[in-house]
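Colleague: Respectively, the protein sequence lines represent chains P and B.
Going by my numbering, the first sequence opens with residue 1, and the numbers climb by one from there.
Going by my numbering, the second sequence opens with residue 1001, and the numbers climb by one from there.
FYI, nobody ran anything at the bench for these hints, they're computed from the structure.
Hints should not be assumed to be uniformly reliable.
As the list claims (entries may be wrong) - Listed next, the in silico DSS-like pairs over lysine-lysine satisfying Cα-Cα at most 27 Å (straight line):
| # | chain 1 | residue 1 | chain 2 | residue 2 |
| --- | --- | --- | --- | --- |
| 1 | P | LYS248 | B | LYS1253 |
| 2 | P | LYS27 | B | LYS1021 |
| 3 | P | LYS321 | B | LYS1321 |
| 4 | B | LYS1021 | P | LYS321 |
| 5 | B | LYS1004 | P | LYS21 |
| 6 | P | LYS253 | B | LYS1021 |
| 7 | P | LYS27 | B | LYS1248 |
| 8 | B | LYS1248 | P | LYS114 |
| 9 | P | LYS321 | B | LYS1253 |
| 10 | B | LYS1006 | P | LYS321 |
| 11 | P | LYS253 | B | LYS1114 |
| 12 | B | LYS1027 | P | LYS27 |
| 13 | B | LYS1021 | P | LYS248 |
| 14 | B | LYS1248 | P | LYS21 |
| 15 | B | LYS1004 | P | LYS6 |
| 16 | P | LYS21 | B | LYS1006 |
| 17 | P | LYS321 | B | LYS1248 |
| 18 | B | LYS1004 | P | LYS114 |
| 19 | P | LYS27 | B | LYS1006 |
| 20 | P | LYS43 | P | LYS6 |
| 21 | P | LYS4 | B | LYS1114 |
| 22 | B | LYS1321 | P | LYS4 |
2 protein chains.
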Amino acid sequence: MDNKIKIGLFGFGVVGQGIYKVLQNAKNAHAEISKICVRSLNKPRSVEAPAELFTTSAAEVLDDPQINLIVEVIDDAAASYKIVTEALRRGIPVVSGNKAMIARNLPELIELQKKYNVALLYDASSCGSIPVIRNLEEYYDNDLLLEVKGILNGSSNYILSRVFDHGEDYASALGRAQQLGFAESDPTFDIEGYDSLFKLIIITMHALGVYVAPEKIFTYGISTIHDSDIRYAREKRVKIKLVAQVAKVAPDKFTMFVMPEFVGPRKYIYSVDDEYNGVVIRGECYDRQFMFGKGAGSLPTASSILSDIMARRHDYRYEYKKMHYLDRPSYTTDITLRVYVRYKDTPIPELLPFSKIHEQYTSDESCFVIGDISLSQLMEHRQDINATDVFLANTMSFFQNLD
Amino acid sequence: MDNKIKIGLFGFGVVGQGIYKVLQNAKNAHAEISKICVRSLNKPRSVEAPAELFTTSAAEVLDDPQINLIVEVIDDAAASYKIVTEALRRGIPVVSGNKAMIARNLPELIELQKKYNVALLYDASSCGSIPVIRNLEEYYDNDLLLEVKGILNGSSNYILSRVFDHGEDYASALGRAQQLGFAESDPTFDIEGYDSLFKLIIITMHALGVYVAPEKIFTYGISTIHDSDIRYAREKRVKIKLVAQVAKVAPDKFTMFVMPEFVGPRKYIYSVDDEYNGVVIRGECYDRQFMFGKGAGSLPTASSILSDIMARRHDYRYEYKKMHYLDRPSYTTDITLRVYVRYKDTPIPELLPFSKIHEQYTSDESCFVIGDISLSQLMEHRQDINATDVFLANTMSFFQNLD
């Protein structure tokens, strides 16, 4: 790699403009943007950049022999896939923030990195400014890891915060999140848990060395949350958080899912509010570590991208060390969870095969049941619990009283 | 480096025994302990290791051609210096946990690493299991850093926690900390702030690329804390924490010090209790990151040492990148702090040249003053404020309302 990093930037939205600003402040980065590829040259933008930097031709950027790093921060997973794989095939290193594209194509992207001996970095794709991937890859690179659990999506957390701490209603909280630029262009991505899911898949690869495809993972969001759920949580003095987790459930097994959870005040993630992200990393010896920082927004994400850009100065690559470990644990959904399911017309207690029911409440307005059920059964009955009158939340932690 | 890491371990106290246990659990570490050098072979130890591993001869370990990594976790800074520098001169990489030795000799240790092209890793020396050094070196390796501030000493924090949250008296809290193995053999090291100071020096080197010698840094501990201070803090609904910080106070200036601080409930470090450490890293773009984890104890420190051992498998070295930055900021003590000083017989308001006094309280029992004074003046009057009837605490943050 050349002494100076010359960046071909794809995308000049919220994050792309943030990168432009951050690079102007980072004098020691020895990095500059040589070209910016955008869909439309005429879109009004709040950050001014010289007109000659812009192009609408991806080829013009990829063909430029001066450019030695592609930074891709576009919002479209299909276009991102095309750009990133094409750059890797040409041996140009890439920094990408597109978690959906990365999570869906991780095995292929790892192969391409190996085959073309080229780096793809994507720390910014998970938890914005918190260096989760890098730490899992480099620092927690041993057998002692038990669990990674956290709030990985800033916009859904912002919405829940507004609802819980400020008494706002769900719709206006969502509107405000979009206005502030926290929510992606398609809000269902954040709200239905997919953004958290994609991050979780990436985290799991670096935590345990195992890839699990999105469709195999139970994912449940917050869009059907209802006043009665909020009231119930408040009565119990807990908050509802959208939590993603991967946990060892036996020495050779792990599970993972994304689901709202009732979180009590003693847990670290209880106090992760607004657009912040928080991740608890638990290990056999170090007990738990908690990392906390801004998970959304232009500059936090941009500064994370900057860290990836800087890492390229030192030829840093992910080595995916844990993929080569002996006795990698295997993925299971054969675990029992204790869940709260609120419903009205959908006859949840008849539909879901609870192995044990602990609480049941019925009223004209809304009903709920708290019971034990396996994760695989929840997945089989996804249709039932996806009804608009149903909301589900996890009520248990694998490591009770400890996070 | 050989495919398998063969460790010459110096020290088999609390941390050394922890490393031995942790390595037995970490099957993918490909690391084993080949020899253990101890002062006495006959000391009873809670962890059993084969007798043939032990020796009292440092030369026997350093001369062993099989050994390709020295791990040094002894409690004696002078002996640690001898072993570490000798190993580096022989080109043997070293992992060390001795913050006092490292902080005092960092410029020489950096030179030795360069001269003999050999690595010295010491992530375990700062904040036990929290990967602060590695993240400052690798992830926050740009110009955007504004402040690193935190609770870096587990035992003094444990003591303050017992006093504040459990109403214990200071002496019994100290005794309990020592009993639990949190406090070093010489408790003044923890309590008077030196342990935090040494960690802060190491952190500053990796945060800003500048070395500041211990004697140039204002350091004040908690040994003279008094019921009246605790009462005062409780009335104000704050906790007293022993806080170390390095902060940019101008684009080209930074300051650093270790001092008790009144910490309000809105600050992250307020909820860092017991033997935990917590570090806030603040940057221009990412706002703040908070890292939190166990900062003391056998296994947390040992697992941090394990991360350094594993890093050697990938030939990882600190590159001290920021030492080579343009426009490194320079150290200043020419800043104004607002401090609380409690006293009885020492006539503090006469002795200390406050530029402004904001509050003053006198009684037969104890008096205090809250006033503005420069850090350099505090250093000049160190003798006065070190009197046994005096306790000092910082009442301000550089980044108000934000951490």
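Colleague: Run every hint past the structure and note whether it holds.
Modeller: Right, here's what the structure says about each hint:
1. LYS248/P to LYS1253/B: Not satisfied, since the Cα-Cα distance of roughly 47 Å exceeds 27 Å.
2. LYS27/P to LYS1021/B: violated, 45 Å
3. LYS321/P to LYS1321/B: This hinted pair holds, its Cα atoms lying about 25 Å apart.
4. LYS1021/B to LYS321/P: holds, 23 Å
5. LYS1004/B to LYS21/P: violated, 45 Å
6. LYS253/P to LYS1021/B: Judged against 27 Å, a Cα distance of about 23 Å means the pair holds.
7. LYS27/P to LYS1248/B: holds, 16 Å
8. LYS1248/B to LYS114/P: Given pair LYS1248/B, LYS114/P is violated - Cα atoms ~41 Å apart, limit 27 Å.
9. LYS321/P to LYS1253/B: violated, 41 Å
10. LYS1006/B to LYS321/P: holds, 20 Å
11. LYS253/P to LYS1114/B: Judged against 27 Å, a Cα distance of about 44 Å means the pair is violated.
12. LYS1027/B to LYS27/P: Violated: LYS1027/B and LYS27/P sit about 43 Å apart, past 27 Å.
13. LYS1021/B to LYS248/P: holds, 21 Å
14. LYS1248/B to LYS21/P: Holds, at roughly 21 Å.
15. LYS1004/B to LYS6/P: Status violated; Cα separation ~39 Å.
16. LYS21/P to LYS1006/B: With Cα atoms ~47 Å apart, LYS21/P and LYS1006/B exceed 27 Å; violated.
17. LYS321/P to LYS1248/B: violated, 37 Å
18. LYS1004/B to LYS114/P: holds, 24 Å
19. LYS27/P to LYS1006/B: The hint is violated at about 42 Å.
20. LYS43/P to LYS6/P: holds, 24 Å
21. LYS4/P to LYS1114/B: Holds - the C-alpha atoms of LYS1114/B and LYS4/P are around 24 Å apart, at most 27 Å.
22. LYS1321/B to LYS4/P: The given pair, whose Cα atoms are some 15 Å apart, holds under the 27 Å limit.
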